[in-house]
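Those letters in the sequence shown? Residues 1 to 478, per the working numbering, in order.
In case anyone wonders, no lab produced these hints; they're calculated from the structure.
From the three backbone atoms N, C-alpha and C, an ideal C-beta is built for every residue, glycine too.
Hints are not guaranteed to be accurate.
Straight-line alpha carbon distances no greater than 20 Å define the calculated DMTMM-like cross-link-like pairs of lysine to aspartate or glutamate that follow [unchecked claim]:
1) Lys325 / Glu189
2) Lys203 / Asp236
3) Lys304 / Glu109
4) Lys461 / Glu377
5) Lys339 / Glu314
6) Lys390 / Glu408
7) Lys215 / Glu202
8) Lys342 / Glu394
9) Lys215 / Glu189
10) Lys303 / Glu107
Restraint-style ranges between C-beta atoms, simulated for each label pair [claimed, not checked]:
11) Asn103 / Gly44: 28 to 36 Å
12) His250 / Asn290: 41 to 49 Å
13) Asp171 / Thr139: 32 to 40 Å
14) Glu394 / Ala224: 31 to 39 Å
15) Asp364 / Asn90: 34 to 42 Å
16) Val349 / Lys207: 49 to 57 Å
17) Phe208 / Leu354: 44 to 52 Å
18) Asp134 / Glu228: 27 to 35 Å
19) Ser284 / Val349: 42 to 50 Å
20) Ser386 / Asp138: 55 to 63 Å
21) Asp328 / Asp206: 42 to 50 Å
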Amino acid sequence: MRDYETVIGLEVHVELATKTKIFCGCSTKFGVKPNVNTCPVCTGMPGALPVLNKQVVDYAIAVGLATNCDITRDCKFDRKNYFYPDNPQNYQISQLYLPICRNGHVEIETKDGKKDVRIHEIHMEEDAGKLVHDEWEDTSNVDFNRSGVPLIEIVSEPDMRSAEEVIAYLDKLRMTIAYLGASDCKLQEGSMRADVNLSVREKGSDKFGTRTEMKNLNSFKAIARAIEGERARQIDLIEEGKEVVQETRHWDDVKESSYAMRSKEDAKDYRYFPDPDLATIHISEEWIENIRANQPEMAPEKKKRYMEEFGLPEYDADILTLEKKMADMFEATTAICNKPKKVSNWLMVETMRLLKEQSMDAADIRFSPENLAKLIELADKGTINSSVAKEVFEVMFNDNIDPEAYVEEKGLATVSDTGELDAIIKKVIEENPKSVEDYKAGKKKAIGFLVGQTMKATQGKAAPNVVNQILTKYLDEA
Numbered sequence: 001m002r003d004y005e006t007v008i009g010l011e012v013h014v015e016l017a018t019k020t021k022i023f024c025g026c027s028t029k030f031g032v033k034p035n036v037n038t039c040p041v042c043t044g045m046p047g048a049l050p051v052l053n054k055q056v057v058d059y060a061i062a063v064g065l066a067t068n069c070d071i072t073r074d075c076k077f078d079r080k081n082y083f084y085p086d087n088p089q090n091y092q093i094s095q096l097y098l099p100i101c102r103n104g105h106v107e108i109e110t111k112d113g114k115k116d117v118r119i120h121e122i123h124m125e126e127d128a129g130k131l132v133h134d135e136w137e138d139t140s141n142v143d144f145n146r147s148g149v150p151l152i153e154i155v156s157e158p159d160m161r162s163a164e165e166v167i168a169y170l171d172k173l174r175m176t177i178a179y180l181g182a183s184d185c186k187l188q189e190g191s192m193r194a195d196v197n198l199s200v201r202e203k204g205s206d207k208f209g210t211r212t213e214m215k216n217l218n219s220f221k222a223i224a225r226a227i228e229g230e231r232a233r234q235i236d237l238i239e240e241g242k243e244v245v246q247e248t249r250h251w252d253d254v255k256e257s258s259y260a261m262r263s264k265e266d267a268k269d270y271r272y273f274p275d276p277d278l279a280t281i282h283i284s285e286e287w288i289e290n291i292r293a294n295q296p297e298m299a300p301e302k303k304k305r306y307m308e309e310f311g312l313p314e315y316d317a318d319i320l321t322l323e324k325k326m327a328d329m330f331e332a333t334t335a336i337c338n339k340p341k342k343v344s345n346w347l348m349v350e351t352m353r354l355l356k357e358q359s360m361d362a363a364d365i366r367f368s369p370e371n372l373a374k375l376i377e378l379a380d381k382g383t384i385n386s387s388v389a390k391e392v393f394e395v396m397f398n399d400n401i402d403p404e405a406y407v408e409e410k411g412l413a414t415v416s417d418t419g420e421l422d423a424i425i426k427k428v429i430e431e432n433p434k435s436v437e438d439y440k441a442g443k444k445k446a447i448g449f450l451v452g453q454t455m456k457a458t459q460g461k462a463a464p465n466v467v468n469q470i471l472t473k474y475l476d477e478a
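Work the whole structure out from these sequences, hints included.
Rendered as structure tokens:
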């Protein structure tokens, strides 16, 4: 078999984090009852006129600056005409001729080092509604809540050559946009979606093969599998002497295969023309510079600062800055307790463990920096031991309880009365003569059982190191 190269470009749709839609005042809140967030504008009623949400433009400019794009000083909206049940106007307001951002790039890390993926353009547009298919009733219902939610579409050049590069590019976009606060980029909720344009060609060739497009993939794993599956399908066709057809395909992640949806449309099929209801947007240098001046500190800068200012290892700094919520939590908690390494440990170990167990994102963290700082202080002062601290943290993670009040209410403070502890340890020694004999016979590990019995007797509230010291003293004296 000949050696093939995969050529991949992406169209990434990102729902912007505005409170209202792009051309009307309806809420963009996710997860509400169907068709609640609607009005004559976003349901395409005759005579309804769109009014542009300025925050959408601000976010688009911010993303453009963060991805090294040129900002189009005079840009405008166009109508993309097509009929589909969840598209109430029978056209979509988008940007074809003068998109707001062009000629950018983002840098990604690959197995061969750093690489720039070029961005052809970023344009603003409105989202369509959503078809909800009822398999039992064999019907489809339309929910227009999403219709009119603002999107930016980030169109890359065909610069990626593997699933790994695609995931690195998407992860870089996701992190950048989330740090800007322009979107939560939750793939599982559809606020970040990717269409994959893929072709294959013989290695060494400078001629592109026939590309296909796979639509609306909503997880990194699905995207990686779809790329590998489509690459293999196209290579098989070429090796069999068959043609690859330019078309849009749907990836079935359960069956791990794709099927054709429709032949690929050209721009002319949409009959684009300038939207007559929306004026040209004039973006001044002052507007751009104001947004540039308010851009937040991004992950690479944060990582460097965490290592220099807080003395964190590179590994810690790298993990903490992957998610903006995690970085914000680290900084806010450290500002309260001034114990950066201990804050880092609680976030990287217990927090990430519980996030994984409960299938949550860092953005879903509910506990406050104040309560995390209190828990760290309780553990540091010896008010609670490490095992109790983990138990309290788990409750705090789920319900954001005040750890100080919780420890007092539940009587979880470390047993610090040496008289009380002495009495408990003496009783444990009396009740476990076999372990005492083993210890005296040189089996020093036997003390571990006695420590465990003491911890059980104190309901885990004694300090293990103190228990160990007292036990060793009594056993050596016996």
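| said: For a quick check of understanding: which of the numbered hints are violated here, in increasing order? | reply: 7
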